[in-house]
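Engineer: Full structure from sequences and hints, please.
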Amino acid sequence: MASRNARLAVIATLGGVFSGVFGVGGGVIIVPLLILWLGYGEREATGTSLAAIAVIGALAAGAHAYRGAVDVPSALLVGLPALVGVVAGTALQQRVSARAFSGVFAVLLVVAAGLLAL
Amino acid sequence: MDAVGAAGAAAVAGVLLAGFVAGMASGLLGVGGGVLFVPALALLLGLAPIEAVGTSLLAVVPTAAVGAARQRRYGNLRLGEGLALGVLSLAGVLLGTELAHRVPERALSSVFALLMLYVAFRLARRALGRE
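Residue numbers (this note's numbering), protein chains in the order written: chain A, 66 to 183; chain B, 252 to 382.
Hint data in this document are derived by calculation from the structure and do not stem from the laboratory.
What you were told as hints is all true, and nothing was included just to trick you.
Distance ranges between label pairs, derived from CB positions: (1) B:365 x A:169: 19 to 29 Å; (2) A:180 x B:354: 11 to 21 Å; (3) B:353 x A:156: 42 to 52 Å; (4) A:133 x B:365: 31 to 41 Å; (5) B:345 x A:172: 26 to 36 Å; (6) A:103 x B:324: 19 to 29 Å; (7) A:182 x B:353: 14 to 24 Å.
A virtual CB, placed ideally from N, CA and C, is assigned to each residue, including glycine.
Structural biologist: Written out as structure tokens, the structure reads:
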């Protein structure tokens with residue numbers, strides 16, 4: 066159990082560092098590590114990652130708001146259609162096989178690594 | 252400051268579309284959608300980079316929360332560990348913010364790119380049924 070909690074802490078720290086450096090939620094790191102290190106099922110990993118990102122995003126947005134770098138009307142304009150999108154995306158995901166998901170995510174990571182290396 | 256009011260109809264439509272696509276990707280992949288939010292806010296609404304990041308993070312919160320709530324209904328959420336990940340990540344966020352100031356971004360990008368390639372290799376093996 067101790068090693069499970071240690072792994073959770075390592076995943077959280079890696080996701081947090083990624084988030085802090087690049088200004089995104091860190092899901093691209095959290096999802097595959099939950100699958101590979103903690104034995105999560107693919108869908109479980111994405112659901113749990115989203116819960117983590119809601120917390121990470123709130124903390125980070127709070128830090129930015131403190132410095133005044135948040136534009137609420139713009140956040141609504143991009144965020145409201147995202148709510149419709151995320152409901153559709155989670156519904157669609159229930160129809161995708163776990164192995165296909167791993168394949169798609171592997172491609173996403175290679176693309177992301179390529180963008181980082183540029 | 253009124254970026255939405257100053258934007259043309261085409262830019263507004265583009266932001267709405269980008270938001271929907273980002274939400275879809277968020278639900279499918281379990282990521283926050285910030286990768287699409289940030290360029291949409293910066294390029295279409297003309298927000299400064301730092302403002303685009305902060306604003307994107309604000310939009311990520313309800314998107315991720317609604318996604319997690321939907322996954323809970325589907326039986327795909329370990330809420331306790333998810334919240335633990337979120338809280339434990341705070342140290343990482345502070346470390347990352349500090350690193351971003353002290354270490355060249357090039358070095359940080361390279362380390363994460365290597366980590367991603369390794370993880371992609373492991374996931375690809377899994378997709379092929381070898382793991």
